[in-house]
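Line by line, the protein sequences give chains A and B. Take the first sequence: its position 146, counted from the start at 1, is 146 in the numbering used here, and no numbers get skipped. In the numbering used here, each number is its position in the second sequence, counted from 1, plus 1000.
FYI, nobody ran anything at the bench for these hints, they're computed from the structure. Honestly, I wouldn't trust all of these hints.
[As the list claims (entries may be wrong)] Result set (SDA-like, lysine to any residue): computed pairs, CA atoms no more than 25 Å apart in a straight line:
hint : chain 1 : residue 1 : chain 2 : residue 2
1    : B       : 1345      : A       : 240
2    : A       : 316       : B       : 1438
3    : A       : 170       : A       : 240
4    : A       : 316       : B       : 1035
5    : A       : 316       : A       : 170
6    : A       : 345       : B       : 1386
7    : A       : 276       : A       : 65
8    : B       : 1379      : B       : 1438
9    : B       : 1276      : A       : 211
[Stated by the list, open to error] Derived DEER-like restraints, expressed as beta-carbon distance ranges:
hint : chain 1 : residue 1 : chain 2 : residue 2 : range
10   : A       : 250       : B       : 1241      : 26 to 34 Å
11   : A       : 359       : B       : 1272      : 36 to 44 Å
12   : A       : 36        : B       : 1268      : 53 to 61 Å
13   : A       : 252       : B       : 1254      : 50 to 58 Å
14   : B       : 1272      : A       : 338       : 37 to 45 Å
15   : A       : 64        : B       : 1112      : 21 to 29 Å
What you are looking at is a predicted structure, and each value in this text was computed from that prediction instead of being measured. Beta carbons: idealized from backbone N, C-alpha and C, even for Gly.
One letter stands for each residue in the lines below.
Protein chains: 2
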Amino acid sequence: MIAQPIAYAERNRDLYLTQLIDLLRIPSVSTQTDHDNDTQAAAAWVADSMVAAGLDNVQVIGTPRHPLVYADWLHAGLDAPTVLIYGHYDVQPAEPFALWDSPPFEPEVRDGYLYARGASDDKGQLFVHIKAVEAYLQTNGRLPVNVKFIIEGEEEMGGASLADFIPRHKDLLAADVALVSDTAMISPNQPAIVYGLRGLCYVLLDVTGPSRDLHSGSYGGGIDNPLNVLGHIISQLKDQDGRILIPGFYDNVRPLSEQERDLLGQLPLDEETWLKETGAPAIWGDPDHTLVERLGARPTLDLHGVIGGYTGPGAKTVLPSTVHAKLSMRLVPDQDPQEIANQFKAYVAEIAPRTVRVDVVAEHGGNPTIVDLDMPAIKAAVSAYEATFKQTPVFMREGGSIPVVNQFKQHLGLETVLMGFGLPDDKIHAPNERFYLENFYRGIQTSIHFFASYSEL
Amino acid sequence: MIAQPIAYAERNRDLYLTQLIDLLRIPSVSTQTDHDNDTQAAAAWVADSMVAAGLDNVQVIGTPRHPLVYADWLHAGLDAPTVLIYGHYDVQPAEPFALWDSPPFEPEVRDGYLYARGASDDKGQLFVHIKAVEAYLQTNGRLPVNVKFIIEGEEEMGGASLADFIPRHKDLLAADVALVSDTAMISPNQPAIVYGLRGLCYVLLDVTGPSRDLHSGSYGGGIDNPLNVLGHIISQLKDQDGRILIPGFYDNVRPLSEQERDLLGQLPLDEETWLKETGAPAIWGDPDHTLVERLGARPTLDLHGVIGGYTGPGAKTVLPSTVHAKLSMRLVPDQDPQEIANQFKAYVAEIAPRTVRVDVVAEHGGNPTIVDLDMPAIKAAVSAYEATFKQTPVFMREGGSIPVVNQFKQHLGLETVLMGFGLPDDKIHAPNERFYLENFYRGIQTSIHFFASYSEL
Chain A
1 MIAQPIAYAE RNRDLYLTQL IDLLRIPSVS TQTDHDNDTQ AAAAWVADSM VAAGLDNVQV
61 IGTPRHPLVY ADWLHAGLDA PTVLIYGHYD VQPAEPFALW DSPPFEPEVR DGYLYARGAS
121 DDKGQLFVHI KAVEAYLQTN GRLPVNVKFI IEGEEEMGGA SLADFIPRHK DLLAADVALV
181 SDTAMISPNQ PAIVYGLRGL CYVLLDVTGP SRDLHSGSYG GGIDNPLNVL GHIISQLKDQ
241 DGRILIPGFY DNVRPLSEQE RDLLGQLPLD EETWLKETGA PAIWGDPDHT LVERLGARPT
301 LDLHGVIGGY TGPGAKTVLP STVHAKLSMR LVPDQDPQEI ANQFKAYVAE IAPRTVRVDV
361 VAEHGGNPTI VDLDMPAIKA AVSAYEATFK QTPVFMREGG SIPVVNQFKQ HLGLETVLMG
421 FGLPDDKIHA PNERFYLENF YRGIQTSIHF FASYSEL
Chain B
1001 MIAQPIAYAE RNRDLYLTQL IDLLRIPSVS TQTDHDNDTQ AAAAWVADSM VAAGLDNVQV
1061 IGTPRHPLVY ADWLHAGLDA PTVLIYGHYD VQPAEPFALW DSPPFEPEVR DGYLYARGAS
1121 DDKGQLFVHI KAVEAYLQTN GRLPVNVKFI IEGEEEMGGA SLADFIPRHK DLLAADVALV
1181 SDTAMISPNQ PAIVYGLRGL CYVLLDVTGP SRDLHSGSYG GGIDNPLNVL GHIISQLKDQ
1241 DGRILIPGFY DNVRPLSEQE RDLLGQLPLD EETWLKETGA PAIWGDPDHT LVERLGARPT
1301 LDLHGVIGGY TGPGAKTVLP STVHAKLSMR LVPDQDPQEI ANQFKAYVAE IAPRTVRVDV
1361 VAEHGGNPTI VDLDMPAIKA AVSAYEATFK QTPVFMREGG SIPVVNQFKQ HLGLETVLMG
1421 FGLPDDKIHA PNERFYLENF YRGIQTSIHF FASYSEL
């Protein structure tokens, strides 16, 4: 029964690629309002592809920002489990455009990779499951499990609309497990199942001194400089080894067990290759933890952007009025984003001098997660990867955040299987994002196997 | 002999105002190439006014950018001293236009002030001396001293053409003292002579980590963040009280004598008014020095601009590749800009972690200056102010730099008398620039007195 969908998917490789390229042409950047027509177009495109796959009840659901897309197929029988599949059609901004080797929204295949913004994060990966479902429905006319899709368009801007939708539609979204492909494998032939995700606390920090830019010659030495103050604040947030200095920050960090340290120690991470891929001069971080632990199992604090004063060409000697900084803290169980935001605000208020005004706004948060490795859907995912890649997946923690995983847990009681098909060097969120095409096709096979295996467990 | 020029100037107040308004109508913005015709027009206008005043050898001298204007009158006799008068006819950009109460190039008199871009900086102040010379030549037919004028059109863009001209025309510009009116008094009735100017060491500082922006979730904790590193570097350049931490930085700072501290202590600076004008929450700086000392007689270090990472709207979680900072140090005698640049580079190289690459480029410098208060031209300036304002001028140090003062010293061996007629709230470089008209007229009188007094000392 699995042979037909596998063969169907195999036969249609070229068609699937053409279709994915179509979707990637839509610049559905959720954070930039001038792309609002594009997010609408991407939602409609996804809905159309679900209809074509044979799914039922396909709906584009309006929200205050970008639409959700829902679809289901619920004819596998009462005994069959239900899988809730999540993905997002919105993408990160593509700036700076000049650093792309081919334009971000004109997808191009080079050396087996498909280059485009959103190729890996997450259009390529969400499309995998639509095509797997299509392969079943267009051959066997049925799936071995019930499926529901919920696809959002605000993942890259915090996911507010879906966060609002989930608790108000528990029935519609009810399932036995959630399935998300928005993570990376270890290497092209080494799959990985992510069982831990970091949470997030995102903060905007503005420092304002004088009410206008002053001449630094006339006022320097008599008025504090917001950029200098920001430097002092930054230096007190995290020491140079990466230990975060906010009082109480580590209080709720669940210590790593010996067993988990062993598990993480077995991950085949070649530090030299990893470093080379980043282009940074050196690996860095808290010396009390291994690199793998630091990347997924420990909290961090990173500045994302700073702008202030004169940043044009040449020399201008202003004492700037104001400076804007964006930063976030990645959290691990059992840190709470709201509590961390409060600690951050209190600490900055304490260390900021009275010579400036400091404004802190906590933008959005996400709770950290850990998944139970013994549940049937995880076993099904292991066997699906093994069937396709001829390789047992490793278990790892991811440094990033997928807030929806938390919401599924909190409101629907669902555990999530994070079955990624990306690669660590996909350059998501950066210029030249790409998706390894062979694993796009193998992803579809893996999804086909997963539905079969899960129905049998 | 002085009564006639004084009376002449008094009689012609309205005419002088009409003429100055004419000059201010020309939008001679030197940094904006679409105003190149206007700088040409302003130079021609100044030259015409010199011819009308009765000056000899009036020349508009072409340069790669904006012309210089030269003129002289050298018939005072071999024993009479020669004064080299400097000014600039170019102005700052007037943007943002919307913040002007009357258009910047349509001069308007309101409440005794003349509002226009360049009114105080420096068209109004340079015109003072042309009119003083005219008053002598149109009445007595002669001046008590020899005078030379050198007027430039690039002051607001760095003054490259004049800097190039001076060392190649030492003979043409030879004089006994230089006279510059491009500074401010304390208040409408309290004149000031600036006897110290700070020098400058301008630095570009770039911090680069990974070769591209990375996802902070995937790499945070394993790769050092250039923005966090920049914060640590900034915090080690200057402590929170404003003391600069670069080793050796203060070694050549000439200590303030008790006499000079007394002199500066007498400056009538109302700290509350001063603070209010900046809009900052508090006065700030090295507690070992008074505000007046810190603003002119002590070195500073100020960041002027920082840009790096994601600075667009919304939240983006990049670990940025690179960050650019501009900063400068204001220097006092006897600090040397080149030596300070070297100290800065060595210190940053020492404190920067090996996890990033730090590039430091020293852009341009200027030496700090102190004028000898005992020289005859200073005494002449004091008595000229006293004769006009019935008030002894105070001596003050200026925080900014006037590079031409340095060039006169270095290439022509000249000390400069900085005899300003502006006011602290003239809003130079800002919207609603203005010049207090009463002091325009009193400036002409002061200049007339100065020439007379200087010839007698």
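Unmet hints by their number, sorted upward, for this structure = Numbers 2, 3, 5, 6, 7, 11 and 15 - these are the hints that the structure violates, sorted from lowest upward.
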